[in-house]
Amino acid sequence: MTEIEYELMPSKKKHRMIIYIALILLSLPIIIPYAWLVIGAFATDLRGVIPTGLTLSNWKFLIEPIQVPGAGVKYPDIWLVTFNTLFIAAATTILTVFLSAFGGYALSRVKFAGRGLFLALTMVLRAFPGIALLVALFYVINMFRLYGNPWSVILSKTALMLPLGLWVMKGFFDTISWEIEMAALVDGLSRIKTFFKIMLPLVRPGLAALSILAFIYGWSEYILVVVFLPTEKSWTLTMYLQRLAYQAFAGEVSVAGITRPMIIAVGLWYMIPIILFFIFAQKYLLRVAVGGVKGV
Amino acid sequence: MGKALVIRDMPLKRLLTIKSVTVILLIAPVLVFIIIFYFMPVFLTFAMAFTDMDYRFQWNFVGFVNFQRMIRDPLITKILFNTLFYVFTTLLCFNVGYGLLLAILTSLIPPRVGNVFRLLWLLPRLTPPVVYYLLWLGITSPYPYGLINFFLVDILGLEQYKDVYWIYAAPWAVVILANGFVGASFGMLIIGSAIKSIPIDVIRAAKVDGASLFRLIKDIMLPILKWPILFVTAYQTLSLLTSFEYILLLTDGGPGFYTTEVWALHVYHKALSAFGGWEFGYGAALSLVLVVLGLALSILYFKIFRFRELIFEPKVEVT
Chain A
4 MTEIEYELMP SKKKHRMIIY IALILLSLPI IIPYAWLVIG AFATDLRGVI PTGLTLSNWK
64 FLIEPIQVPG AGVKYPDIWL VTFNTLFIAA ATTILTVFLS AFGGYALSRV KFAGRGLFLA
124 LTMVLRAFPG IALLVALFYV INMFRLYGNP WSVILSKTAL MLPLGLWVMK GFFDTISWEI
184 EMAALVDGLS RIKTFFKIML PLVRPGLAAL SILAFIYGWS EYILVVVFLP TEKSWTLTMY
244 LQRLAYQAFA GEVSVAGITR PMIIAVGLWY MIPIILFFIF AQKYLLRVAV GGVKGV
Chain B
149 MGKALVIRDM PLKRLLTIKS VTVILLIAPV LVFIIIFYFM PVFLTFAMAF TDMDYRFQWN
209 FVGFVNFQRM IRDPLITKIL FNTLFYVFTT LLCFNVGYGL LLAILTSLIP PRVGNVFRLL
269 WLLPRLTPPV VYYLLWLGIT SPYPYGLINF FLVDILGLEQ YKDVYWIYAA PWAVVILANG
329 FVGASFGMLI IGSAIKSIPI DVIRAAKVDG ASLFRLIKDI MLPILKWPIL FVTAYQTLSL
389 LTSFEYILLL TDGGPGFYTT EVWALHVYHK ALSAFGGWEF GYGAALSLVL VVLGLALSIL
449 YFKIFRFREL IFEPKVEVT
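Just so you know, the sequences run in chain order A and B.
Each residue of the first sequence is one higher than the one before, starting from 4 at the first, in this note's numbering.
Each residue of the second sequence is one higher than the one before, starting from 149 at the first, in this note's numbering.
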């Protein structure tokens, strides 16, 4: 799998240096802003990416709710907001992974009437941009009395993730040899027991990869939260950070009590799970980030 | 499928039988989701487009009024041109252009190092949109906070840029760059994996024939990469047409009057934002254009990219 990359590597050292320099230059627009985010969160103030001094006081928002004196604006407790975000992310992950595993197994292993149609449908949905249905989705959510309820986001997000999830899980089940499943069946396990005891453990890498992706997308969700969850008690970090950024970065620059480095710290707080995944789960990220395309 | 022969034995076949109840348990939850969140909304979009529904959710059918209004609206032309400009500029420069460049460059270095750059470019895609927006505020703010202005003023000494706020000064550039840096990773990974699957003998043979690196890329790799590039173009056209969250965050369609308003954002403004008056009927008519286009294109892609090949029957025939 990796041999080809060595074969393509230029033999001259000078050429290799040019490639490295080109890649670093092309990537600077990514590297510098993320460096800014990390440095800014611990800086007293910033000039470009250079801090004027270092401090931990930007993280005070973790201890006491942010208040804007005079304006009467008080931000909800960060822990409540973080919990709301975590709840949406976790529920989306569990639903997406289980539904995808069931459906993916059926698509990969079971012959049933309408299987071809079902498979074609999931593939068309893979390309179809579900977000185009947002207006009608609003009607559906309202019909089920879910407006303002976190489950509106969880269920919608799960639905948007499903075509990809089914596809990823089907791919993983396809790679497992039939003999293993057969052996279990011969030993007298029922098909459903075989699924839970033999097959699911074998596709653990797929479950892990899909979980990580679903968690990140649930955790980061923006549009659905903005449209379905307007009330402050169900705010997620998305709403919290957006309000802060609007107040001090974009518009009223000198809102008392809110500093730029503090907002950057909130941004870094919101990034923590993603940073952890980038450090500890790289191979999964590379595998499913753009949709579980084989060989990536 | 030689393996399938084994289970022609009757006892084994019974062993493998899966009860229809089990099949229903496996598939039903997924089907329920697909019906509620895809089928119903598609149907509703069609129906709502012919009503004047507002926040009261009343079904009052008015025929083609919404579509007449759409055609008569002089701003629709501007929004249409904005959308085409946004989709094709971002697509060509970043989703395909930058993506292809990154895919080729990362395949020319050892895989371990290549993966570092690949992961780096995945970061924007997996960053919460609001944090990504915060990064762009940091990039574009006036001196001394903004990164661009810090570079221009303190490093290049160009004092005249001191007070420029780039989101207002160059909204299109910011919108396209911000979306492009997210979009580049898709092309990078898809095209990158296609490069990995080029037969090694082809590369060796070309090298033996004395092909330079440039010729190797131009004459061997690019022709093989034609299909993946087409795939990326097709897929990303649809996602660029319908996604609007970064534009909503960065410019909200402004600055000024509809400067960066694109079709999908216009749907949001008309039907789903507090300032738009909750015009669900008109919003549905606007999104019907996207839904029909989305359905047509996804079925077309399904045919072009021979997805059908991937639908093979399960290894064991069990009924």
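Please keep in mind that the hints were generated in silico from the structure rather than gathered at the bench.
Cβ coordinates follow ideal geometry from the N, Cα and C atoms, glycine included.
Hints are supplied without guarantee of correctness; some may be wrong.
[Unchecked claim] In silico EDC-like pairs for lysine to aspartate or glutamate, Cα to Cα no more than 20 Å straight-line:
1. A:Lys63 to A:Asp80
2. B:Lys344 to A:Glu10
3. B:Lys366 to A:Glu10
4. A:Lys15 to B:Asp311
5. B:Lys355 to A:Asp48
6. B:Lys310 to A:Asp48
[Unchecked claim] Covered stretches of chain A, going by a simulated chain B footprint (3 or more residues, C-beta under 8 Å):
7. 12–25
8. 42–52
9. 59–68
10. 77–85
11. 201–211
12. 240–247
task = Measure nothing beyond the straight line between the CA atoms of Lys63 of chain A and Asp80 of chain A; if it is 20 Å or shorter, mark the hint as holding.
result = 12 Å, holds
Whether chain B covers the segment 240–247 of chain A (at least 3 residues having a Cβ closer than 8 Å to its Cβ atoms) = n = 4 at 8 Å, threshold three: holds.
key: chain B covers the segment 42–52 of chain A, three or more CB atoms within 8 Å, holds or violated   = Contact hint for the segment 42–52 of chain A vs chain B: holds, 5 residues under 8 Å.
message = Checking one constraint from the list: CA of Lys355 of chain B to CA of Asp48 of chain A, max 20 Å. Satisfied?
response = Roughly 54 Å between the alpha carbons, so the hint for Lys355 of chain B and Asp48 of chain A is violated.
request  = Go check the segment 12–25 of chain A versus chain B for me, would you? Three or more residues, Cβ under 8 Å, otherwise it fails.
outcome  = Satisfied; 7 residues make the cut.
inquiry  = So if I understand the rule, the pair passes when the alpha-carbon distance is 20 Å or less; does Lys344 of chain B with Glu10 of chain A pass?
reply    = Holds, at roughly 11 Å.
task = Check, residue by residue, whether the segment 201–211 of chain A contains three or more positions whose beta-carbon lies closer than 8 Å to a beta-carbon of chain B, and give the verdict.
result = Coverage by chain B is violated here, the residue count being 0 at a Cβ distance below 8 Å.
ask   = Are three or more residues of the segment 59–68 of chain A within 8 Å, CB to CB, of chain B?
value = Per the Cβ count (0), the hint is violated.
query = Would the pair Lys310 of chain B and Asp48 of chain A pass a check requiring their Cα atoms to be no farther apart than 20 Å?
reply = 18 Å, holds
message = Check the hint pairing Lys366 of chain B with Glu10 of chain A against an upper bound of 20 Å on the C-alpha distance.
response = Roughly 16 Å separates the two Cα atoms, so the pair holds.
query = Would the pair Lys15 of chain A and Asp311 of chain B pass a check requiring their Cα atoms to be no farther apart than 20 Å?
reply = Not satisfied, since the Cα-Cα distance of roughly 46 Å exceeds 20 Å.
key: Check of the segment 77–85 of chain A against chain B for coverage (Cβ-Cβ below 8 Å, three residues minimum)   = violated (count 0)
In this structure, the earlier hints numbered 4, 5, 9, 10 and 11 are contradicted, and the remaining ones agree with it.
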